[in-house]
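Letter by letter, the chains look like this.
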Amino acid sequence: MDIYFFLGKGGTGKTTVSASFSVGLSYYNKNKNFLIASLDPAHNLGDAFNIELSNKIKKLTENLSAVEVDLEKMIKEYLNDLSKNLKNTYKYLTSFNLERYFDVLRYSPGIEENAVLESIKKFLNMNEFDALIFDTPPTGITTRVLALPKLTLMWTKRLMDIRRKILDRRKMVENVKGKTEAIIEDEVITLTADEKEDQIMIELVSYSKEMEDLMKLFQSDLTKINIVTMPEDLALFETKRIIELLNKFKIKVNKIYLNKYLIFDNPPEVIKGKIIEQDRVIEKMREEIKNINIKDIPLLSQSPRGIEDLLKFYDNYILE
Amino acid sequence: MGLREVSTSLIEKELEETENIFALLTMGSFAGIPSPPTGIILRILPYMKREVYVMIARSKNLDDNLAEIAGIFSIE
Chain A
449 MDIYFFLGKG GTGKTTVSAS FSVGLSYYNK NKNFLIASLD PAHNLGDAFN
499 IELSNKIKKL TENLSAVEVD LEKMIKEYLN DLSKNLKNTY KYLTSFNLER
549 YFDVLRYSPG IEENAVLESI KKFLNMNEFD ALIFDTPPTG ITTRVLALPK
599 LTLMWTKRLM DIRRKILDRR KMVENVKGKT EAIIEDEVIT LTADEKEDQI
649 MIELVSYSKE MEDLMKLFQS DLTKINIVTM PEDLALFETK RIIELLNKFK
699 IKVNKIYLNK YLIFDNPPEV IKGKIIEQDR VIEKMREEIK NINIKDIPLL
749 SQSPRGIEDL LKFYDNYILE
Chain B
455 MGLREVSTSL IEKELEETEN IFALLTMGSF AGIPSPPTGI ILRILPYMKR
505 EVYVMIARSK NLDDNLAEIA GIFSIE
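These protein sequence lines are chains A and B, in that order. Everything in the first sequence is counted per my numbering, starting at 449 for the first residue and increasing by one. Everything in the second sequence is counted per my numbering, starting at 455 for the first residue and increasing by one.
Hints were generated in silico from the structure; no laboratory data involved. Do not take every clue at face value.
[What the hints assert, rightly or not] Listed below are several chain B residues computed to face chain A (Cβ distance under 10 Å; list not exhaustive): (1) R458; (2) S461; (3) T462; (4) E468; (5) E470; (6) T472; (7) E473; (8) I475; (9) I487; (10) T492; (11) L496; (12) I498; (13) L499; (14) Y501; (15) R512.
Glycine included, each C-beta is placed from N, C-alpha and C at the ideal position.
Could you put the whole structure together from the sequences, leaning on the hints where they help?
As structure tokens, this is what we get:
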């Protein structure tokens, strides 16, 4: 399965480029099934297609479907389930007033990135599609999401080491004194020293396996990271930052779409400065980013809206 | 105290400390310590009953620490 991510600064045209990419790809590969998913909390994928989209996958053409992931709803549902489960397990917590901790989990740092990663995982496991195209939230969140599997792996590895040490010592004590027991709120619990029975260890192992698979997938050639940018200084800085940051996590950038490129035969006086900036940025970009293919897309008088327009846009500017 | 008992109690102490470290790392946000990625915590939280208990017991007995260490090394 191929996975395409479209990253970039806000307003560079990620949605238009990714939507057009999905339309073109599905049009020229009729034997394959495609899904485009917007992971941006501020959705506008539906606007690009001129079709109302929702949290439910909708078929746009014979072999292209689209969805706008409702992260807020996803987090809520997930935490509700978890919270019910927790409040059953941790009955005694009410006496410590700790249950409030679980109610604020919604606001814990990283929960959004986690939800984005979970929804990517969900689409990967669907097996219905041959390729996934993701229109992503602003750079900050997306780069962290892509880096999350590796980061999580570092933690699970460490926690598994400690857990193993605990179980190891428990085993030693068990050999001398018999099974370890603990009394929690008048309830006697027998503690296991076996890795295969310790629920925490089981979860750590399975989670770390999931994360390792994701990390390998993101680092592989199946994942194609595309940056959509504009010929402006700030956008160039951000593009370079994305490349560097992803590089640290061994994730390669596949292509850069240089969007909203101004073309004038006789530029009016007021935007001459802008054109000078543009030419300088483009020159700098080609100089500094050597091994990534850069594709130019000029600023159009009208943004493409609807499947027909998007296909034309693909034919004219994205198709190679 | 027999040698066997002393060495077992040392291992027990090490076990207890390791459990503290695990609890502190995974639930350190209670005390303002940076946490692992949220995904890990959400995954193991349903099974952390005993860890919560360890944390609470630990904070209750904090002022006993010196006596505990003295006990391990048989200082009277």
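ask   = With 10 Å as the cut and Cβ atoms as the points, is B:R458 at the interface with chain A?
value = 7 Å, holds
key: Hint check, B:L499 versus chain A [nearest Cβ-Cβ separation less than 10 Å]   = 6 Å, holds
message = For the restraint on B:T462, tell me whether the closest CB of chain A is nearer than 10 Å.
response = 5 Å, holds
message = Checking hints one by one. Is B:T472 an interface residue toward chain A, by the C-beta closer than 10 Å rule?
response = With a minimum Cβ separation of about 5 Å from chain A (threshold 10 Å), the hint on B:T472 holds.
query = Minimum Cβ distance from B:E473 to chain A below 10 Å?
reply = 6 Å, holds
query = Is the interface hint for B:L496 satisfied, with its Cβ closer than 10 Å to some Cβ of chain A?
reply = 6 Å, holds
query = Should the interface hint for B:S461 be scored as holding, given a Cβ-Cβ cut-off of 10 Å against chain A?
reply = Interface hint status for B:S461: holds (9 Å vs cutoff 10 Å).
message = Quick check on B:Y501 please, does its C-beta sit within 10 Å of some C-beta on chain A?
response = 4 Å, holds
message = Take the shortest C-beta to C-beta distance between B:I487 and chain A; is it under 10 Å?
response = Since the shortest Cβ distance to chain A is 13 Å, the answer is violated.
key: B:I498 as chain A interface residue, shortest Cβ-Cβ below 10 Å   = 5 Å, holds
task = Return the status of the interface hint for B:I475: holds when the least beta-carbon distance to chain A is below 10 Å, violated otherwise.
result = At about 6 Å, which falls below the 10 Å cut-off, the nearest Cβ of chain A leaves the hint on B:I475 intact, so it holds.
query = Would the hint on B:E470 stand, with a C-beta cut-off of 10 Å toward chain A?
reply = 9 Å, holds
When held up to the earlier numbered hints, the structure conflicts with 9, 15 and fits the remainder.
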